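Enquirer: Next come the chains, spelled out residue by residue.
Protein chains: 2
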Amino acid sequence: MSVAKHALCPVYDSIELLQEKWVLHIVRALLDGPRGFNELSRAVGGVNTTTLAARLERLEREGVVSRTVESTMPPRTRYELTEGGVALQAVIDAIGDWARTHLKRCTTAAAHAAADPPAAAPAERGPAASSPLGAAPR
Amino acid sequence: MSVAKHALCPVYDSIELLQEKWVLHIVRALLDGPRGFNELSRAVGGVNTTTLAARLERLEREGVVSRTVESTMPPRTRYELTEGGVALQAVIDAIGDWARTHLKRCTTAAAHAAADPPAAAPAERGPAASSPLGAAPR
DNA sequence: TCGACTACACCACAATCTCAAGTACAGCAG
DNA sequence: CTGCTGTACTTGAGATTGTGGTGTAGTCGA
Numbered sequence: 001m002s003v004a005k006h007a008l009c010p011v012y013d014s015i016e017l018l019q020e021k022w023v024l025h026i027v028r029a030l031l032d033g034p035r036g037f038n039e040l041s042r043a044v045g046g047v048n049t050t051t052l053a054a055r056l057e058r059l060e061r062e063g064v065v066s067r068t069v070e071s072t073m074p075p076r077t078r079y080e081l082t083e084g085g086v087a088l089q090a091v092i093d094a095i096g097d098w099a100r101t102h103l104k105r106c107t108t109a110a111a112h113a114a115a116d117p118p119a120a121a122p123a124e125r126g127p128a129a130s131s132p133l134g135a136a137p138r
Numbered sequence: 139m140s141v142a143k144h145a146l147c148p149v150y151d152s153i154e155l156l157q158e159k160w161v162l163h164i165v166r167a168l169l170d171g172p173r174g175f176n177e178l179s180r181a182v183g184g185v186n187t188t189t190l191a192a193r194l195e196r197l198e199r200e201g202v203v204s205r206t207v208e209s210t211m212p213p214r215t216r217y218e219l220t221e222g223g224v225a226l227q228a229v230i231d232a233i234g235d236w237a238r239t240h241l242k243r244c245t246t247a248a249a250h251a252a253a254d255p256p257a258a259a260p261a262e263r264g265p266a267a268s269s270p271l272g273a274a275p276r
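Those protein sequences? They're chains A and B, same order as listed.
Just so you know, the numbering used here puts 38 at position 38 of the first sequence, and the rest follows in order with no gaps.
Plus 138 on top of the position in the second sequence (first one is 1) and you've got the numbering used here.
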């Protein structure tokens, strides 16, 4: 790790965090609501438990998700987003918006969806999804 | 690669692209304007040329950046964002915005800025919008 | 004429991610 | 009551990805 030289910029730091593999996927899955470990693993789809455990630990340390152990022996843990985690919805929305507009490979699917009015966007989650660009106006 | 099963969701795809190491940093550097290869390497700060070349190739294929060879022998290539690449500004802004509000480790620095009411949050973009991120200081 | 600079390609090494199995127990079908 | 499934992880080995350093052909400033 030759890091530790650019702690000066918040954007740099958060990119550092968000670009870790699966992080955004995990957050996205958790935006649907709190989940257990394996449940989350399935929701994310394709991540393996080792990585997932590592990501969750990091995200917890960063204050993005919170872990609640509901019972130790019939193991039951609940992961959910903190306030800061929910705020990442804006980022995910921005990405989703970009994807729909500019990503090559899904222009086909996008064209399909474009026929419908925007309100009919299929992947909608959460009540706050009303304005896709929330904090990022344009 | 055992992927290729979630091709149904544009968000998934673009996350897949954007989470690659250095991609967002590269885009961020290019938002300042077109750059040459080594110049870009310095602007990003810390990426090595092998990785950078790989990322740029991929980004070009995805239609995010465009590569213009201005002269072969005094090697001079210009990388710049396409329309789709510039649109990523929204994503970067969203991340920056989130970082300033919620990222723990820069609350210190953020507290400084937090003195202002949130409404005053400078969602700056446009040509000269590079104050906080601009030239990577090193 | 001596570096310094340009845009990469190559290769070995290191960090990161994944696979598969294993743990310790509860709940349910049979 | 027995056996299977599910839950939340951990461990160690193996695959994948990223990195460092060096080399190349040629031009420019000192």
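Worth flagging that the hints you see were computed from the coordinates, not collected in a lab.
There could be a bad hint or two in this list.
Listed below are the simulated EDC-like cross-link pairs for lysine to aspartate or glutamate, each with C-alpha atoms no more than 16 angstroms apart in a straight line [what the hints assert, rightly or not]: (1) K159(B) to E16(A); (2) K159(B) to E208(B); (3) K21(A) to D151(B); (4) K159(B) to E20(A); (5) K21(A) to E70(A); (6) K21(A) to E154(B); (7) K159(B) to D13(A).
Label pairs and their in silico Cβ distance ranges [as the list claims (entries may be wrong)]: (8) T220(B) to P75(A): 24 to 32 angstroms; (9) T68(A) to E177(B): 47 to 55 angstroms; (10) G171(B) to E20(A): 36 to 44 angstroms; (11) E198(B) to P34(A): 28 to 36 angstroms; (12) T187(B) to A53(A): 31 to 39 angstroms; (13) E158(B) to N48(A): 12 to 20 angstroms; (14) G33(A) to R205(B): 19 to 27 angstroms; (15) R58(A) to T189(B): 16 to 24 angstroms; (16) G184(B) to A54(A): 43 to 51 angstroms.
Residues on chain A that point at chain B, a partial pick, calculated with CB under 10 angstroms [said to hold, decoys possible]: (17) P10; (18) Q19; (19) K21; (20) W22; (21) L52; (22) G85.
Since the model is a prediction, treat every value here as computed from it, not as a measurement.
Beta carbons: idealized from backbone N, C-alpha and C, even for Gly.
Enquirer: Now look at each hint and say whether the structure bears it out.
Expert: Right, here's what the structure says about each hint:
1. K159(B) to E16(A): Within the cut-off at roughly 8 angstroms; holds.
2. K159(B) to E208(B): At roughly 28 angstroms apart (the allowed maximum being 16 angstroms), E208(B) and K159(B) break the hint.
3. K21(A) to D151(B): 13 angstroms, holds
4. K159(B) to E20(A): Distance of about 8 angstroms is within 16 angstroms: holds.
5. K21(A) to E70(A): Between K21(A) and E70(A) the Cα gap is close to 28 angstroms, so the pair fails against 16 angstroms, i.e. violated.
6. K21(A) to E154(B): Roughly 8 angstroms separates the two Cα atoms, so the pair holds.
7. K159(B) to D13(A): 13 angstroms, holds
8. T220(B) to P75(A): 24 to 32 angstroms: Violated, at about 48 angstroms.
9. T68(A) to E177(B): 47 to 55 angstroms: 48 angstroms, holds
10. G171(B) to E20(A): 36 to 44 angstroms: At roughly 29 angstroms between Cβ atoms, E20(A) and G171(B) fall outside 36 to 44 angstroms, so the hint is violated.
11. E198(B) to P34(A): 28 to 36 angstroms: Given about 40 angstroms between the Cβ atoms, the range is violated.
12. T187(B) to A53(A): 31 to 39 angstroms: This hint holds: roughly 34 angstroms between Cβ atoms.
13. E158(B) to N48(A): 12 to 20 angstroms: 19 angstroms, holds
14. G33(A) to R205(B): 19 to 27 angstroms: 43 angstroms, violated
15. R58(A) to T189(B): 16 to 24 angstroms: Once the Cβ atoms are compared, 22 angstroms apart, the range 16 to 24 angstroms for T189(B) and R58(A) holds.
16. G184(B) to A54(A): 43 to 51 angstroms: Violated: the Cβ-Cβ distance is about 23 angstroms, outside 43 to 51 angstroms.
17. P10: Status holds, d = 4 angstroms.
18. Q19: Result: holds, 5 angstroms to nearest chain B Cβ.
19. K21: Interface hint status for K21(A): holds (6 angstroms vs cutoff 10 angstroms).
20. W22: With a closest approach of 8 angstroms, the W22(A) hint holds.
21. L52: 15 angstroms, violated
22. G85: This hint holds: G85(A) lies near chain B, its Cβ roughly 8 angstroms from the closest one there, short of 10 angstroms.
Figure legend: structure checked against the earlier numbered hints; hints not met, in rising order: 2, 5, 8, 10, 11, 14, 16 and 21.
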